[in-house]
Amino acid sequence: QVQLVESGGGVVQPGRSLRLSCVASGFTFSNYAMHWVRQAPGKGLEWVAVVSYDGTTTHYADSVKGRFTISRDKSKNTLFLHMNSLGPEDTAVYYCARDLVELATTGDCYFDLWGRGTLVTVSS
Amino acid sequence: DILMTQSPSSVSASVGDRVTITCRASQDISSWLAWYQQKPGKAPKLLIYGAFNLQSGVPSRFSGSGFGTDFTLTINSLQPEDFATYYCQQANSFPSTFGQGTRLDIK
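Chains A and B are the protein sequences, given in the same order.
Per this note's numbering, residue 19 is the first one in the first sequence, and the count goes up by one each step.
Per this note's numbering, residue 5 is the first one in the second sequence, and the count goes up by one each step.
Take these hints with a grain of salt, some might be off.
Cross-link-like lysine to aspartate or glutamate pairs, in silico, EDC-like; alpha carbons within 20 Å at most [claimed, not checked]:
(1) B:Lys49 <-> A:Glu64
(2) B:Lys49 <-> A:Asp126
(3) A:Lys61 <-> B:Asp5
(4) A:Lys83 <-> A:Glu64
Because the hints were derived from the structure by calculation, they are not lab data.
Quick caveat, the model's predicted, so the values are computed rather than measured.
Start from the sequences and build out the full structure, keeping to the hints where you can.
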């Protein structure tokens, strides 16, 4: 079954760190660029970061640059998002998403497969 | 960053109606535009990419058009399952950005 399953969300205090994971199955994970997209409660979608299919290239939204790190483990078919210095503005459902195009460095940035999301709440 | 502006922010329509949602980019994005549908509590679903390409499995009543800065999503003959929120997204350059969303309600 082709799917993405996120985990690692929860309640975290401001200033702390958290690591999200996204396990891919049913497709050749190493052929696709992968993205994180988030959605604050009741708000719209915000693209967060991308990692190239080979893991060598990354890009970030300005709002998370220097605080978040996206990475991937080919052997575990897993995408990660390491989040540091979390603030209330980072409270959101975090989705991992697959890029539409195979074997394109950072993809075309169209998201054809999404996970169900994991909720991160930053609160004291 | 490229600003994406959708209009209207919300629209009410009836089953069988035709609905048009527009999206304007703050700079030329060629055809690097996608449309997504999102229902409450669910992940977004890709409908259209490259401004007019229908994603596999998406009904043909959905269509997209536009180039440069102005884009349109049209839904013909609305079905009950089409009532949702719709987002445009530019894929021309990083950071990718989304419109604020258009909520489509039942009249």
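Structure-based check of all given hints:
Between the alpha carbons of Lys49 of chain B and Glu64 of chain A the distance comes to roughly 15 Å, so the proposed pair stays at or under 20 Å and holds. At most 20 Å may separate the alpha-carbon atoms for a hinted pair to count; Lys49 of chain B and Asp126 of chain A meet this at roughly 16 Å. Taking the CA atoms of Lys61 of chain A and Asp5 of chain B, the gap is near 19 Å; set against the 20 Å cutoff, the hint holds. Between Lys83 of chain A and Glu64 of chain A, the direct Cα distance comes to roughly 14 Å. Compliance with the 20 Å bound is thereby established for this hinted pair.
Checked against the numbered hints above, the structure violates none of them.
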